[in-house]
Every structure is written in C-alpha cells, then in structure tokens.
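2 protein chains.
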Amino acid sequence: MIDFVFNNPTKVYFGKDQLQHLGQVVSGYGKKVLLTYGGGSIKKTGLYDKVMTGLKEYGLEVFELGGIEPNPRIGSVRKGAQICKDEGIDVVLAVGGGSTIDASKWITAGACVDFDTWEFFSTDKKPEKSLPLVTILTMAATGSEMDAIGVISNPETNEKYGRSAPCLFPRASFLNPELTYTVGRFQTACGSADILSHLIETYFNPGESMYMLDSAMEGFMKTVIKYAPVAMAEPENYEARANLMWASSWAINGFTRTCQVGGWSCHPMEHELSAFYDITHGLGLAILTPSWLRFCLDDTTVDRYVKFGVNVWGLDPDQKPMVIARQAIEKTEEFLFGTLGLDDKLSKVGIGDENFSLMAQKACKGTFINGFKKFTPADVETIYRMSL
Amino acid sequence: MIDFVFNNPTKVYFGKDQLQHLGQVVSGYGKKVLLTYGGGSIKKTGLYDKVMTGLKEYGLEVFELGGIEPNPRIGSVRKGAQICKDEGIDVVLAVGGGSTIDASKWITAGACVDFDTWEFFSTDKKPEKSLPLVTILTMAATGSEMDAIGVISNPETNEKYGRSAPCLFPRASFLNPELTYTVGRFQTACGSADILSHLIETYFNPGESMYMLDSAMEGFMKTVIKYAPVAMAEPENYEARANLMWASSWAINGFTRTCQVGGWSCHPMEHELSAFYDITHGLGLAILTPSWLRFCLDDTTVDRYVKFGVNVWGLDPDQKPMVIARQAIEKTEEFLFGTLGLDDKLSKVGIGDENFSLMAQKACKGTFINGFKKFTPADVETIYRMSL
Numbered sequence: 069m070i071d072f073v074f075n076n077p078t079k080v081y082f083g084k085d086q087l088q089h090l091g092q093v094v095s096g097y098g099k100k101v102l103l104t105y106g107g108g109s110i111k112k113t114g115l116y117d118k119v120m121t122g123l124k125e126y127g128l129e130v131f132e133l134g135g136i137e138p139n140p141r142i143g144s145v146r147k148g149a150q151i152c153k154d155e156g157i158d159v160v161l162a163v164g165g166g167s168t169i170d171a172s173k174w175i176t177a178g179a180c181v182d183f184d185t186w187e188f189f190s191t192d193k194k195p196e197k198s199l200p201l202v203t204i205l206t207m208a209a210t211g212s213e214m215d216a217i218g219v220i221s222n223p224e225t226n227e228k229y230g231r232s233a234p235c236l237f238p239r240a241s242f243l244n245p246e247l248t249y250t251v252g253r254f255q256t257a258c259g260s261a262d263i264l265s266h267l268i269e270t271y272f273n274p275g276e277s278m279y280m281l282d283s284a285m286e287g288f289m290k291t292v293i294k295y296a297p298v299a300m301a302e303p304e305n306y307e308a309r310a311n312l313m314w315a316s317s318w319a320i321n322g323f324t325r326t327c328q329v330g331g332w333s334c335h336p337m338e339h340e341l342s343a344f345y346d347i348t349h350g351l352g353l354a355i356l357t358p359s360w361l362r363f364c365l366d367d368t369t370v371d372r373y374v375k376f377g378v379n380v381w382g383l384d385p386d387q388k389p390m391v392i393a394r395q396a397i398e399k400t401e402e403f404l405f406g407t408l409g410l411d412d413k414l415s416k417v418g419i420g421d422e423n424f425s426l427m428a429q430k431a432c433k434g435t436f437i438n439g440f441k442k443f444t445p446a447d448v449e450t451i452y453r454m455s456l
Numbered sequence: 069m070i071d072f073v074f075n076n077p078t079k080v081y082f083g084k085d086q087l088q089h090l091g092q093v094v095s096g097y098g099k100k101v102l103l104t105y106g107g108g109s110i111k112k113t114g115l116y117d118k119v120m121t122g123l124k125e126y127g128l129e130v131f132e133l134g135g136i137e138p139n140p141r142i143g144s145v146r147k148g149a150q151i152c153k154d155e156g157i158d159v160v161l162a163v164g165g166g167s168t169i170d171a172s173k174w175i176t177a178g179a180c181v182d183f184d185t186w187e188f189f190s191t192d193k194k195p196e197k198s199l200p201l202v203t204i205l206t207m208a209a210t211g212s213e214m215d216a217i218g219v220i221s222n223p224e225t226n227e228k229y230g231r232s233a234p235c236l237f238p239r240a241s242f243l244n245p246e247l248t249y250t251v252g253r254f255q256t257a258c259g260s261a262d263i264l265s266h267l268i269e270t271y272f273n274p275g276e277s278m279y280m281l282d283s284a285m286e287g288f289m290k291t292v293i294k295y296a297p298v299a300m301a302e303p304e305n306y307e308a309r310a311n312l313m314w315a316s317s318w319a320i321n322g323f324t325r326t327c328q329v330g331g332w333s334c335h336p337m338e339h340e341l342s343a344f345y346d347i348t349h350g351l352g353l354a355i356l357t358p359s360w361l362r363f364c365l366d367d368t369t370v371d372r373y374v375k376f377g378v379n380v381w382g383l384d385p386d387q388k389p390m391v392i393a394r395q396a397i398e399k400t401e402e403f404l405f406g407t408l409g410l411d412d413k414l415s416k417v418g419i420g421d422e423n424f425s426l427m428a429q430k431a432c433k434g435t436f437i438n439g440f441k442k443f444t445p446a447d448v449e450t451i452y453r454m455s456l
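Quick mapping for you: the protein sequence lines, in order, are chains A and B.
For the first sequence, my numbering gives the first residue as 69, with consecutive numbering after it.
For the second sequence, my numbering gives the first residue as 69, with consecutive numbering after it.
Since the hints were made in silico from the structure, they are not lab data.
Just so you know, nobody snuck in bad clues.
All copies of an identical chain are treated as equivalent in the list; a pair is satisfied when it fits inside any one copy or across any two copies.
Under the rule of at most 30 angstroms between Cα atoms (straight-line distance), these lysine-lysine pairs were calculated in the DSS-like manner:
1. K100 x K153
2. K147 x K99
3. K375 x K399
4. K197 x K99
5. K413 x K433
6. K294 x K375
7. K79 x K290
8. K399 x K290
9. K399 x K441
10. K375 x K290
Excised from the complex, chain A in its bound form:
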C-alpha cells in the first residue's frame, strides 16, 4: 500500500437554498468578479439573473466571459486571462458544467503569469498561484467543482490535455441539484458515464488496494447505476439529482484515489477522440470502457473484475472467476448502452479508423495512460479498433 497525501480545501455549499450565500462568499475575495459561462443556457433558465442579483447586492463589479465551449479551448482561456489582467479581476466565478469550470481554473492561473497559458500544457511549467475561483455547478459529471484538474483543448494542434496543481482547487463551490433539472436525457447519460468512468479507472488499479476505499467506490458506482436512469426518466427527481451530483464530486475529489498507483487509461484515450472529433467526453468514455476492460482482462487481473462483478453488479460469487469477469463487463455494457442508451461504437458517432495510429501515439505521450496496465501505442490502437 503506497503512502499518500490527501488534501481537499474546497468548501461546498450543497442544496436548494445555498445560493443566498453567493454574494457574501464571492465578496470575501474582492470587488471585481469575472463571471464565466458557456453557451448561454444560464440566461434561459434564469440562473444568470439570480447570480447577478446576488453579486450586485454585495456591490461587486462584474465582468463577463460567455461562450466557453464544451471541450473548452485554449482560446477561451487566453481571453479570460487577458480580461483578468486588463481589469484587475480579484475573483473568478464559473457558472456551468465541467467545461466552464475547467477553463476557468486555467484562466485563474493564466491571470497570474506573463507567458501564454498553453505553456502549462506544452511544457513542464506548473502554476504556483492563481486567482480565487468560486463555482456554481449546473451538471453532474466531471467533478471539476471539487478537484484541482482542468482539461483544455488546443484545436490548432489537435491536442487535449488535463493538468492539475494544488492552487486550482475552487475555494468554494455551490451544488444545487435543482440546477441540473434542465440537463437533458443524453447529457445526463453522458455525465453519468463520466462519473462511472472516474470510479472504474480508479478501482481498476495496479497497486495494492485499500478495502475501505474499494467499499466507498463500490457504493458510489452503485449510486450512479441506481440514480442515472431515475434522473433520465424523471428529470426533476431531487433525490436522484442530488445523489448523482454529490457522487460526481466524490468520484474524483482525491478521496478514492489516495491509494492509486499510476494513471488512468480511458481518459487519455478519450481525450484524443474529443480532440480530433469534438465528441462528448462521457460518450467517448462509455464507448471505450468495455473494450478497455476486455483488453486488460487476464489471469493476473481477473480478481479485480470478480470483486467488481460481485460487489457492484451483484453477480453470483460461486462461479469461475473468468466467468464472473466477463459477466461484469457485459453488465457494464448493458448499463452504458442499454439503460443509458448511449451509442456503443465509434463508427456510430462518426469516427473512423483514419486517425487511430496518430491518436494512439498522442495518447501515449504522457505517463498518465499507464494505469491498470502499461500501454504501447499498438495497445491503444487495438482498443480503438475493438470499439470501432
């Protein structure tokens, strides 16, 4: 069992009536706020007005950066960092899902350096400080609201990387499950697949596991499996939305990963899909995960699949290990492609094999790909082909 450091300083305001504290919390960090958001759905839902009212009550001066893309781009980050510098912004308030929050993290870091923010991705440079970040989450998926990671795409180079630094934890995050009532069936499914992927990638770990963390992860996985279909069928089911939202934070806020050795595999493989084809992250993960699980299954890894199958999927433990393992993969597929109704093949979402070789090379560029197994580009290409 490895040594680890755990620290998560984000203060979470969870529930229906917590936004009443917004102005007070944000004003604790200064007077000038950069409000960041995505395509503008927050204006349709009335959230924008509510936020502005809360900020104005505390006399805050608000600047805005809207239009942050899904799979957020370095261009938006550069724009935001520039506004921060030009206007002397004190605090960034991100309102949206993982994309808006990820971009905003790097805006807070970019605001504090005099070089191009993409150098945090293209070189070894690490942010030492950042502007304070407050978030209002509108979608349960990436867990960005309670972690220190941000994934950014560079369309000029077809690159998409996640990087983290302790200074990137949001200082405070507002999680109101009601704000996810308007998230549609497909995005709810993709978000749930993303949460599940964070847990599966951590659970299938080459290091010595820790029983208490395994138990927690199994519980979080069962939470997603139980409530994702409920939220899809009844978008305004508070219990379902609340469980998915809090599970999204805890799937990736550091707690479950404290005994993790090595990185994740599906995420870097998927980042290449999104970088080349701009597909939804959770959908790409859903398509790749069963192929990856099949690829990694052998006599040395089967025990992990058995634990997963029995404790998460409730499979009969009195079968041969390899049988339980295969059933566990099938159950996972049934959930992702049956219950959640996501496409099960890359070809169905417009992805052919034309870039597999290049994507596989790029996915293997960092060490992050070496999670449950060590991967060569040829391994990654095989998994892409298995998912075609």
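With chain A fixed as given, assemble chain B onto it according to the hints.
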C-alpha cells in the same frame, strides 16, 4: 434531504515514510512549537526522539506539555494555553491519540483568548481563532486528527462535553499505521468500537438519508468489522492498521454527516459514564449501543435497521423487517462483546445505578442527545438500566 456545507481543510500525510516531512510542515507555521503528548509511551517507542530530531533539523524551539490524560481534563488545557501565552508559541504539535489531540485543539483556542478556556464549554462562547495545530496520530479511534471537535472533562463539576469550531481543524495530520502497532488488544477493540459508533450514530438518523452516503458508511462499517479482529490478532498487520486508521478519520470528518439531521445519542450518554467513572470512551459506547438500538426500534424506525442488517451484516433480506432488525442488533452485540471481547454490562466495569438519574439529567442538557429519537431524561435512564 437537507442543505449542508462541507469543508475539511486538514492536509493528511498518510503512510510509513511521511514523518520525514514533519519538520518542514511544522516550520511552515513558525519557530516556537509546543509539543503535547500523553502518558509518555511515545518516549518508550522511540517516537519522541524521532519527532525531536525532525523538529530540530528545522531549527525549531520546542516546549513540552506531557501527561495529557485519557478523557483529557480542562486542567491540562489551561496549562497548555498558559505555556502558549507565556512563551509566544507559534504552533502546537500533538502526538498521541484522540485525547491528546482533543486537548491540544482547545489549547490552541485557549491560547488566543484572555478568559478561562472552560468558558467555551460552560457558556455560548465560540473560538474565532486558534494557533495552528499539527498532529501525529498514534491510535485509530476518535477521528480527532481530521475533525474540528474536542471533548474535554471537568472533574470539578463531573462534566464532559464535546464542542467544535471551524478553526479547530488540524492544519496537517500525520497518519502512520505502523505507529498503532503497539496499541494493545483492549485499546484496539475500544478504538474500533468508537469508530463503529461514529458510523452507527450517523447512519441511524431521523432525516432523509442519501443513498451514496449510506453506501459509504456501510463500507466503512464493514471495514471496521473486517479489520478490527485482524489487528487484535496480528498487531503488526499493516493492511488492517491502515484500513482502521483511515476509516477512523472518515467516520467523523464531516463527509458521512453531511445529511445528518439532529445530533448523536450514545455519545452524550457515554460522556456521562466517562465523566463520573473515567472509563474508556469506546468501551462505554460499546456497552450502550445495543441497548440504545433496542430502545429505538419500533415500526417507524425498523426500515433503517433492515438496511443496516442486510447491507452491513449480510442478513437475508427475505425475512420480516422486525426479525431482520433484531438479528442486526444481535450481530452488533456478537461483534462488540464476542469478537472484540469487550465487557457487555456497566456492572462489569464497576458502574452501578447510583448516579443514573443525575447522569441522565446531565446527558439531556444539550440538544445533541436528540439524534435518531428525541430523548427525555427518563428515556436515557431506561437505556442505562438496560445496560446495567
């Protein structure tokens, strides 16, 4: 489901080789350190020398307060606060179990006020600030290493209360499971009973529960049930000690309690036992818990027992709810009194009924007692008698 705020800023260094960072971490808070500890076992085990070496390497000036009692007393807190004031202490380093850490929390608060520290317990005064606290944990039990609560006894008045304040979170805590190898069978059993009690008191909650938190708590309870007997039989089993240690922190660090409505019952009832008879906290909890579970069981509460019985104890769900509930209580008793070998009656630990009435009155003084059910002093006295 209630709204809540979650924030836990403690930075945890977990594992075998983390103490190498001690000097660096402590020196980040200043030059003058007050080292606090209990009966001196840290001198026998060599930990004291190791700590001193680590601190001296960073040129820290060390003052000491040893002899902090189990069920720590206000006298020790007063002494420590006075040293902090007299010597201009910058940071307190607590080395020990929950008692030493609890006392140290209130030393850090007492150092910052000009009135007697007991007023934080006898009046509504809340600490607004404190000296920074760093801890080195030597026993898995109270979870004090990662929460903001400290329980203090006042032998002059036979009072024992727990109070909390956000400024009381340790800034950093060092958790090395190897340091608990020397904890004997009885104390390992009591510590495990304490962890389990934190989880049971939270799990049996009158409010609407949250599935993902229930799952996590069930996992942590199973962790204690699985590893406590292993640690008792093989004191140097790292896996067992590590699981118990990390479970002790997570049982009470705020995470599982985010949906909790109302307080706990067994803890205030037990604090009276310890205040009057100075028995070990975990032992008192173990004796009271099954009686309390029996007392609270009725048609309105039975569902919770069923979930507990099926998910934690693996009971057959196809039985009548009341049958499962009773079996769950019996399983809990078997574990506490059989597997852990703890005494099952107050009379066996030298407690008679002579103070029941007064203790029941005092236990009901705060609102904390009103957890799973609302209690009158007569109810509490009944539970004491059931445990006699």
